[in-house]
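S.K.: Quick mapping for you: the protein sequence lines, in order, are chains H and G.
Per numbering that gives the first Met the number 0, residue 0 is the first one in the first sequence, and the count goes up by one each step.
Per numbering that gives the first Met the number 0, residue 0 is the first one in the second sequence, and the count goes up by one each step.
Please keep in mind that the hints were generated in silico from the structure rather than gathered at the bench.
The beta carbon of each residue, even a glycine, is placed where N, CA and C say it ideally should be.
Heads up, some of the hints might be wrong.
On the chain H side, residues computed to face chain G include the following (Cβ under 7 Å) [claimed, not checked]:
#, residue
1, Ser13
2, Thr21
3, Gly24
4, Tyr27
5, Pro28
6, Ala60
7, Gly62
8, Gly99
9, Leu103
10, Asn149
11, Pro235
12, Leu277
Computed, partial: chain G to chain H, Cβ under 8 Å [claimed, not checked]:
#, residue
13, Tyr22
14, Leu71
15, Leu72
16, Ile97
17, Thr105
18, Ser106
19, Leu111
20, Met119
21, Phe120
22, Phe123
23, Tyr124
24, Asp172
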Amino acid sequence: MSTVMATTPIHKNSGWRLFLQTVIGRAYPRVIGQQREKSWMIFEVLLPLINVAAYVYVYRAIGAPEDYVGFVVIGGAMIAFWMNVLWSMSSQLYWEKEQGNLALYIISPAPLMAILLGMAVGGMIATLLRASAIIALGTWLFNVRYVVMNPWQLLAVFVLTMVALYGLGMMTASVFLLFSREAWHYVNLAMEPVYLLSGFYFPLKNLGFWIALGASIIPLSLGLDAMRQLAFRSGPSLGFLSVPLEIGVLAVLSVVFLVAARWLLKTLERLAREEARLTENRR
Amino acid sequence: MAVNTEPNLNHLAIQTEALSRIYKIRGAKKGELRERVALEEVNLSVPRGELFGLLGPNGAGKTTLIKILTTLLSPTRGRAWVAGFDVVRESEKVRPRINMVSGGETSGYGLLTVRENLWMFAQFYGIPSRQAHQRIQTLLEMIGLADRANTKSSDLSTGLRQKMNIVRGFMTDPEVLFLDEPTLGLDVQAAREVRAFIRRWMDENPNRTILLTTHYMQEAEELCDRVAIIHEGRILACDTPTHLKQATQHEAIFQLWVDPEQALNPLALENLPGVLRLHHQWMNGGLQIEISLAEEGVLPLVIGELERQRAHLRSLQKRQPSLEDVFVQLVGLRMEEVEREHSNGYHPDPQE
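All chains should be built: construct the whole structure from the sequences, respecting the hints.
M.R.: This is the structure:
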């Protein structure tokens, strides 16, 4: 048996094959591992639904247009992605450092960008299941009616929103490489304001032009706004910008965030290596 | 004309040249920065095929050296090469050729099984899935973990988890493998199995190289072809265990077990002419004294002093010098004493 070790040469891929293998390898624990903890159904589907229900009842109590109920359900589903980006992307490298995985990622030939992309892809797939469950349950419970004229455009907006959002997550994950326990506080700090600025529970337009424009740097704001315009009858009249313009901005944000993530990762990894922050938290 | 200053590294797995690392540590006051020298002018050459040991107490600089060699940390001064490549300038060429296993590490994901965790790490080295699974199975069988391959890693005991880590490190068949205290926290049996596995792996291929750090003298003595003794960031000695021990062979080392009727005054023993060092501890109801003498002829003086102090000699044994004796001769303290001082705050930084 032992001769197998010495005599069997190992083939090791490099280049794009290694990149792809790394993405799949790192996505795997997100997709498979997370589903093994059944408690996600309570924490990530039922609890957000309770929040959604609260807004639904408020809107119905004040006699708001029925499409607002649908806005809230979609917003509640998209929150799952924001939570995933915050807790499982941005601060993830800090947790990986704590766990001892980061050092093993760094010493391996795998590009760190592929590790981050694997985290993003895995997180996106795992969260898609949660978000779909929220939409399905919310639609059924609150009798939401969709009017989708252009499903391909809706799909394109969703995909673009995800690319931009997870690109943002990859960028912030690079920044958090230098952080230690304070990462936790920054994540907490970013949670609630984004709930407000992204218009999870109301049309973005209601924030006023300048605040909504500023909030557009968060991909969820424009993504959610465009999806509402494409999925509900009253959506276009309540939209912030036109859908083509929002698609354009989302495309620009995607490129900017991904390029920035790549540059930051390279720069901050070098800095972290010099300052001994890749394995220790405080120096 | 440009002069090539790169050393000829063909036969070397590891080389360092005046390698130093200084940590800047935040002080108690705001903005205060202190410096701690973790490595100082370390020069090492490890040929390919060698199992090289780095022996030293906690805080000696072993882990810092490994971090630099594995591209995790930049040196403050000096240079280092692994598998022929500069660890700072050519880190992307070093990484496919190395791997590392640390004692007590909790890497991987608890929700994944042992096999899944290992497969995941194999992907980061570009090993195709089918080959990775075959190799994982072989190594799990060799280390005695095959029956737990489908157990979630969070359900493993410390010993089994470390076996998984060992497989993770060896699975990629690295040219140079770094083992940082690989048997730390393991019970005797598990540590013995891990050591046997390491030796077997080395014996199978003469081109494999391991740099192993440990603070277990016996482990270094049992496994390593050569050992460097490191203390406070400096290499104090580097040679084969046999040669290192020969340096202390002019000393006569005795172990005595005594029953003292009254409290023993060790100072009186230490001050006897010809007594080089003395260490005593209570064990199994008696007092065990380990004493290094300049020559055997000093022994009657020691026994006479014990009798004068009414300490009855139960047994006496001459023993061969060990690496522990080498360490004591070089540092002036036993390794456990250095670690005790270290943990009592002698060093400003608890991490290496």
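S.K.: Identify every previously stated hint that the structure contradicts and give their numbers, smallest first.
M.R.: When the structure is compared with the hints, numbers 6, 7, 10 and 11 turn out to be violated.
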